[in-house]
Each structure stands twice: as C-alpha cells, then as structure tokens.
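J.: Letter by letter, the chains look like this.
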Amino acid sequence: MTTTDRWPTLRIMLTGHVAFALIIWLLFAVVSALVTAGFAIFGTVTTSIWYTVGTQVPRWFLLGLGVDAITTYLRLHIAHGRTRKDFLRQLGPYAVVLSVVSGLLGALGYLAEHGMYSIAGWPARLPEDMVFGRTTDFFAIFGLYSLVFLLWTVIGVLLGAAFVRNVLLGVVTIPLALLVILPGEMLLRVNGMPLIGVLSDRLAPSVLAGLGLSVAAVVVAGAAIWAISRDMPMRPKVA
Amino acid sequence: MAFDDRSPIYRQIADRIEAEVLSGALAGDEQVMSTNKYAAFHRINPATVNKAFQQLVDDGILYKRRGIGMFVSPQARQQIRARRRKSFFTDVVDPMVAQATAIGIELPELIDRITERAKEDRR
Amino acid sequence: MTGSTVEVRDLGVRFGAVHALADLSFSLSANKICGLLGRNGSGKTTLLSVLAGYLRQNAGTATVDGDPVFENATATGKVCLVRGTGDASPPKVAVRDLLDYGKQLRPTWDADFAAELVERFELPLKCTPATLSHGKRSALGITIGLASRAPLTIFDESYLGLDAPSRYAFYDALLADVLAHPRTVIIATHLIEEVGALFEDVVIIDEGRVLLHEDADTLRAAGAAVTGEATLVDSFTMGLQVLGEKSLGRTKSAMVYGPLDDRRRAQAEEVGLELGPIALQDLFVHLTSGGSR
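Chains as they are written, first to last, in this note's numbering: chain Y, 2 to 240; chain Z, 34 to 156; chain G, 184 to 476.
Only chain Y is shown next, with the shape it has when bound in the complex (with noise of 0.2 angstroms):
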C-alpha cells in the first residue's frame, strides 16, 4: 500500500454507498414515473410529482446512509487498526461527495421531468413558493438539493454516532437534528414535516442567511460528531 493513499475508507464508504443511493434514485425516478402515469390516466397532471417523490423520501434514505457510515464503517476501520480521527477526516468527503451526487440526480431529475411533461404538454408547476421558480433552473436545484442532502446525511451520523453511544444521548440529540436541518428546510420551503413547516413559514429567511445558517448547522453538527466520536468505545456487537 502506498503512503500516499490517506482515503481507503472513503473510497469503501463511497463504493457502497453512492452504488446504493444510485439505485434508490433509479426506484425513485420509476416510482415517479408510475404515480406520473396514475395521474394523467385517471385525472390531470397539474404539478411537479418528482418534487413529492423526488426529494421528501431520499432525504430519509441519505439520513440511513449516514447512520450506516457511522455504525457499520467506523466499526470496520477500528477493527483494521485506525483511529476514529482518521475515520472522521474522511467522513466530511464522503457527506459532500454523497450529497452532491444526490443533488446531482435530484436536478437531473427535475430535467428529466420537464422534458416530459413539456411532451405530454403538461404544466411543470412547482406547488409552493420555492426558492427556484422553476424546474429547469438546474443549478439552483443542484446546489440547494446538495446542501439539503448534506444535513441530512450529517444528522444521520449525528443520530447515529449519539445513539450507539448512549440511547439517552440518542434522544437528546434529535432536537440538535431539528436544528441542523432546518435551515435547509426552510430554504426548501418544504411543509412536509409539522413543525419544520410551520417554523419555515414563520421565519423564512433570505437566500443568503439561508445559506449562512447552514454552513453553521453543518459546523455545529460536526462538532457534536467530533465530541461523540472521538473516543467512541467499540462494544462486541450482539451477534
């Protein structure tokens, strides 16, 4: 092995995990396509469906993704004899790989769509008041689609890091996880969950404090990673 190679468990946790989100991206694309059909069969297609399909369900799955990094790859890189700094030095690449890739596929499908509704001759209408207008602006998609996949794929690491450590700490830890994805949330200005919704729609923040405030919910996140991990014990696993 070369001295030069500082990223073997990046390239391991990538290699799993971008070859999985690829293929729940492709359910998705599939699952949208269906319900897309559903509704122009049996009444109008008046707005985006990929904006349901496409971006409130993944979001879970990158938070699963997050909490497998955290369990099922620390756990493998401990047991071939590294540190846990060295396992979150290359966790931060992966989120921001992980995420953009998702961002990425999450606009390609707004694309994808728009081609086809253009087709079809139905108005791609996006049902809230977004922060893009439209779903051609491909890179405003992408870059608020990957910043919302990196919180969510940070509080996934969050939870899980805090729950293996102590279930207690677990539940204490949600309501950080509130706060760390909410900025992005409210620059969605998404209603899918109760209370982020009703908060985004109290404060909705400008573009940039948006942003600002992510960039600190990521900082705030990795420091309450980095406290829980860093001499994270590993317990026998129960078989």
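Each computed DSSO-like pair below joins lysine-lysine, with the alpha-carbon atoms no more than 30 angstroms apart:
| no. | chain 1 | residue 1 | chain 2 | residue 2 |
| --- | --- | --- | --- | --- |
| 1 | Y | K238 | G | K309 |
| 2 | G | K319 | Y | K238 |
| 3 | Y | K238 | Y | K86 |
| 4 | G | K319 | Z | K70 |
| 5 | G | K286 | G | K309 |
| 6 | G | K275 | G | K319 |
| 7 | G | K286 | Y | K86 |
| 8 | Y | K86 | G | K275 |
| 9 | Y | K238 | G | K275 |
| 10 | Y | K238 | G | K286 |
| 11 | Z | K119 | Z | K152 |
| 12 | G | K286 | G | K319 |
| 13 | G | K309 | G | K275 |
| 14 | G | K319 | G | K309 |
Just so you know, the hints here were simulated from the structure itself, not pulled from any lab data.
Please build the complex by placing chains Z and G on the supplied structure of chain Y, with the hints as guidance.
T.: Chains Z and G only, in chain Y's frame:
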C-alpha cells in the same frame, strides 16, 4: 494431540525422543526432525520444542550440525540405557517391592516369579 | 517485520459502578504465543479491547512497542483483534469485498495468504456474513486475523462454532505462519486442553487482575495432586498452598500449588502418598474464583 497437558511438554518431548533412541527407531548419527517441523507436526509451540531439543543436546543425546540440523549422538543409546539402569532400582524395583509387600506378596514369591520369567525368556 | 511487545501497567476500566479491570499489569515480549485464560466476566475481553484501541481505559497505561494504544495509529495499526462478533465483517458485505477491505486498510495484509485460507476453510467468496453459518463466520474472522499479519494478533475465543477439524486447521495455519512470519499472538480461550500446547506463556486473569503470568511448561510443573490417607495428606500439605480437595471415605486428594522439591517428594513417598500432575485446565479452574472445592 499426542502430548498431555499434565506435565511439562518439553519433558514429554525429551522422554519420547529418548524412547525412540532406546528402541532403535532413531539410530546414532541419524538426523531428527527440525524443531519447526516437529512443532508443526505435533501442534506444539516451537519454543517448547527448542527447549526439549536443547535439553537433549545438553545431556549429550543430540548434537547440532550448523546449517544442517540435529542429530542423534552415536553414544546416545548407551548413555540412556546406563542412566536408566542406574535409576531402575530406585525408580522401578523399590516401588515394586513396596507395592508387593503392601498387598502381602512375600519376597521369595517375587524372586520365584522373576526366575520363572527368566527361564521362559531363554527358551 | 517481527512481533510487537506489550506493556500494561495498572490498567483500570470502569463500566458505571463496575470495575471490569483494576490495577492490571503485565508485559509480553515479542514473538510469543501467549494464552490468556480467564472465566467469563474476568475482564479478558475488556483487556483485549483496550489493547486493540477499541476502548479507552480509565486508569493506567497500555502500550504496544512502547506507544500508548488509544487513538494512536502507530500502535493500533500493529494490532488485529478478532472477536466472534465480526467487527471487520459487516453483515451485508460480500466476503470477497471484506478481504479486499483488509488489503486496503492494513499495510501488513497478505492477500495471497488470505486466498489460501479462503480455500482451506472453504469460504464462499460471494456470500455475506449474514448468510454464513456460525462456523464459517468464525473461519472468516480467523482468516482476517491471520492474513492481517499484524505484529500483535489477538484471537478472543474466535473459533466458537468451528468444528474440531477446522479448529485444528486453524492451529496448523497459525503455527506454520508464525514460524515463517514471526508475530506476537494472544489467544484467549476456554479450550485449554486443546490449545494449551501452542502456548509459550500463560496469563491467568481473574476479577479484573492478573492472577499469574508464567511460562506454560513451568505452570504445568507447578501443581501436584497429593493422594492418600486423609490425615497423612493433611499433615503433608500443611504450609503449602492448597487449591482444592476431594475426599472419598478416608482417602483424600489435595491439589497443591507450588513446585515440590525433591525433599518433599521423598517425604511423600516415605509416608505412602501418591503424587500426580495437575493439568493446566484443572490448575486454572482451581486458581480462579468459584473453583469447586
């Protein structure tokens, strides 16, 4: 697992090799298995085997030929027999007599039996 | 690359109010195969977890080649701990990939040796640990431990589930490999009689402390079973450390710890007492807490 866990294994190894020398299975100037092979074959720690072989070298039963291996000393068999002869009476005969007495066998009975066996063997 | 040395001083580990380890000290020199014996709950697994950097101690030091272990890549990179729980075998990842991870994450990994072991233990490369039998999962763990070529390789009861022929295959593979590529090995086991001959050193740990650390053969000579008429046995064993006794009628058998010199042996013979050896296994049972008396 040919060796038991109830006494020092290096002693058991040394005894076993001595037995093979005594019985003629190992002849003078014959090479013995290397310590590594012996350890692997019997599933024993090589350090234990080394100790046994070293003991045998110290006792003059084996000798080392640099770069080649361990060999049985030409006088090993004689040596072992002489040593065993010496301790035979204290280690075997005396306890036997004590045991015989304990169960009520008289010495003349013992002697008769030994003489009989000697006659049979000669035939 | 040769084996590592281990130095543990006054190690303490607490889980809440429970002291799993307290003032535990021992040192292990390089390239030895050391047997670690201890009852369930004696602190064996906790000690080994600290040595591998899985757990941070609350007190004391643990070093590998002089480097403190916890979160120190110089030290942890030299250690491979195999426990039955498959820390290096995430359940949904194929065996082939798991071995590749070993190659990517461990500089000392030998992929050819891993391939050999896969054949020897008949591990299905495409299967995942979740679909393997208990025995095959153990074999996988052992394969990872052996192929790691870590200068300190630790097997914590890692062959549970392996049938006897596979266990012997493990002993053979281990022995052959340490002869060709020396490393320090610690084996924690309950199968003392079966594995005992592999040990050079024996460490017995009991209630979070080291009870003894001795050369294996010296330990085998350290005990004696004294059998004979009860009163004679009692007077003989006066002043000696008696580990346990059994009586049947007027005959008593006492297990004594501490070598008996020639004078004592002659004394025993004189009064008609029988002296016999004690197996390592029995010595262990009687030296540790809760041994039947």
